[in-house]
Amino acid sequence: MSKKHIHWLHEQLPLLVAQGIITTETAARINSHYDNQEAPSSRPLALTLFAILGGILIAGGIILLMAHNWMEFNRPTRAFISFLLVILGQVIVGYGIWKDKTSAAYREGAGLFAQLTFGAGMALIGQTYHLSDDYGAFTLTWMLGTLPLVYLLQATGPALIYLIGITFWATHVHDWYHHRHPAVWWVWIALLIPYAVMQMRRNPYHPRAILLMWGLGISLAIGTGICLESGWRNLWLVIYSGMFVSLYLIGSFWQGEGRSLWQRPLTFIGGMGATILLFIMTFDHAWNHIGWVESIGNLQDGSWAVLHDVFLACVTTLTSVILMVTCRRRGQSFQLGLGILPVVVTLGYLIIGSGHGSSLAHPFFIIANLYFLGFSIMTLIQGLKERQLGTVNYGMLMMAALILARFFDSHFGFIAKGLVFIVLGCAFLGVNFFLARRKVGPTP
Amino acid sequence: MKRINLIICFAGLCLIQLSVCGFLIYRWELILRTGEAYRFKTKAVDPYDAFRGRFVAIQLEPDYIASDKPVDQRLLVSGATVYVTVTTGPDGLARFDQCLTEPPAGKQAYIKTTLQYVDTSMNLQPGDVLHPLELAQKMKESDDALSLYLRSHMANYESETINKSLKAGVEDAALSNTLTGILNRMFFDQTLARQLLGTTKIGGSNEHPEAMRAEMDKAYPGQLVPTPRARIHLKLPFDRYYMEENQAPRAEQAYWDHSRNRALERMTVSIRILDGKGLIENLWIGDRTIGEYLKSKEK
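Line by line, the protein sequences give chains F and U. Under our numbering, the first residue of the first sequence is numbered 325, with each subsequent residue one higher. Under our numbering, the first residue of the second sequence is numbered 67, with each subsequent residue one higher.
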């Protein structure tokens, strides 16, 4: 228990005694119980943080010294320094492995240092031979060449740098104009999944696992978009809804007990992403620009890259459906509210996009609005039920966004909008009245 | 993982990392030691790279191939891998010659690179003026209708640049730029077209500059690269020369000094080429490397 909570308890106990809820002895026993409890030491965390900062700063300093580009050094000297830098990192990691150093501080610090010195060594080679703008190849070689450090040292720092590196690589290699889509990015990210699973199984609430999940979630949210071929109009809606909902459900299975949002990274990223996506779908242009029939033409032209998006859409939707079924079996009904989003989107995409039912775009637009409204009410009720102010605010925020968006929406007539607003307002007041009566109603 | 396995895996990783560095060094060193040397004219500016420090950005002149034949744009699409042959001109400077979709047969030096785009507009580029001084002289002295028109429509600064170059007798980028600027303006000038060609002669928007171009070739024969139908722009694999952080801005300054002052030597870059790969060897000002030049300036 944190110091803040113990302090609150100390304040509450005399009040509870005064009200006769607990006896003085019980209060004394509770007091002594928490007083004797030793506060968890922050020393190991501080040591790890300082080791990480030390490793990054020293390696960063070395990179900057090399970037000065000493004209006095000839090519053999530069080659020697490149090797020396790489070996320096290896020696520091090797010493830890040899001496069986298991402290997180050593593993994280040494891992980051070795990762950066390998990059510095390669950068020096690039500098020596005046290699042109080859960031893509440079970053990928650097990241893949240091990925094993993550597994050997069980270090999350290098894993986070790896995620940043491969995502940067994808943005660099991606070329929409020339149809270059770095689909192989999925392989690079998959290389880190076994480590992520290991950490989650060990302790999903350890800072190491939490940080990793933040990195993984953000990388997936950015990288998926970069890797899309985009030949299928608005197929990204299906892919992203499947992916965000999958992240949301995985997060609620694995880190659902997290005390704060910080401890539930996947739930936060997935939930937030899916909500924003659903909000986008409450606008009619999201549905009006769907068309998969035209994209079949791309296959006839031999552009098989478009299959990447279809494959991804199938995988993300299927994953989300499997997770949803599991969710239902576990009785997590609230999660189902957002969980059915990929099914709705996929159905809409298939029906509207077939070209025969483009007139169905409008009904789906209405369905999306009702869904968003229903989900925001559900969130609000869940928040009230569990007395979680954050969830209540989230539900209110969603509803406010929807009301604002539809208030200024020019696609509906003023009369229709006005009537719906009045009916909804009456419904809320009715519920309010009903709840108030039930609470203060005559006691039997 | 058992400790012994951990040590074996780590030893494997060390070997891989060192081999990567070793392979990179070997690959580039081989080109520098055995590649054929070519000298290209270049421009230079001074940017920055957080990892590798400050460098002089190199832009070869010209960095495209002017083709007098129509280009098959189905083969030469933007982003395609192309093989560019390199030849040395009578001035001792290297130029890109042909853009091929397969490596050239025989021992001709070539660079494997990426095609950026093919420009089929009729706009002139500085490299299209073959003899800038001669053209400038004719433009100033001839009494044909075109020269008279050009002289009367020349801006003061353009006139000044041409006069300075003629006085110094040195061809440089400033002169080529000015001449192409004047000629391009002329190509698209409707009034002049009416004067020289008569409106009835001109059809679509592409025919106008083409007809003007023919008129221009008549007035100044042999001054321009034969009517380029296309200009193939390339993404060249050498665009930076790394330098000590305080030297790079000085190198850029040296370039500007030399491009402004016509009496000074020009900046070139030597590139070693081997099996389709090119690597920058050195940056030169006249016959001195940039390092030697900057050192001599310090004294």
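In case anyone wonders, no lab produced these hints; they're calculated from the structure. Any given hint might turn out to be false.
[Unchecked claim] What follows is a set of in silico ranges between Cβ atoms, one per label pair, in the way DEER data are often shown:
id: 1; chain 1: U; residue 1: D341; chain 2: F; residue 2: H530; range: 28 to 36 angstroms
id: 2; chain 1: F; residue 1: A740; chain 2: U; residue 2: S144; range: 16 to 24 angstroms
id: 3; chain 1: F; residue 1: I604; chain 2: U; residue 2: D341; range: 47 to 55 angstroms
id: 4; chain 1: U; residue 1: D341; chain 2: F; residue 2: I542; range: 21 to 29 angstroms
id: 5; chain 1: U; residue 1: D341; chain 2: F; residue 2: T650; range: 38 to 46 angstroms
[Stated by the list, open to error] Distance condition first, Cα-Cα at most 30 angstroms in a straight line; then the derived DSS-like pairs of lysine-lysine:
id: 6; chain 1: F; residue 1: K423; chain 2: U; residue 2: K68
id: 7; chain 1: U; residue 1: K68; chain 2: F; residue 2: K425
id: 8; chain 1: U; residue 1: K363; chain 2: U; residue 2: K233
C-beta: ideal position from N, C-alpha, C; glycine also.
Each hint, compared with the structure:
For the hinted restraint 28 to 36 angstroms between D341 of chain U and H530 of chain F, the CB-CB distance of approximately 52 angstroms leaves it violated. A hinted range of 16 to 24 angstroms for the beta carbons of A740 of chain F and S144 of chain U is inconsistent with their spacing of about 49 angstroms. In this structure, I604 of chain F and D341 of chain U meet the distance hint of 47 to 55 angstroms, their C-beta atoms being roughly 51 angstroms apart. Checking the proposed 21 to 29 angstroms range against D341 of chain U and I542 of chain F shows it is violated: the Cβ atoms sit about 42 angstroms from each other.
In this structure the supplied range 38 to 46 angstroms is violated for D341 of chain U paired with T650 of chain F, their Cβ-Cβ distance being about 56 angstroms. The suggested pairing of K423 of chain F with K68 of chain U holds, with an alpha-carbon distance near 13 angstroms, which does not exceed 30 angstroms. A distance of roughly 14 angstroms separates the Cα atoms of K68 of chain U and K425 of chain F; the hinted pair therefore holds under the 30 angstroms criterion. Distance hint between K363 of chain U and K233 of chain U is fulfilled; the C-alpha atoms sit about 27 angstroms from each other, no more than 30 angstroms.
The structure shown violates the earlier hints numbered 1, 2, 4 and 5.
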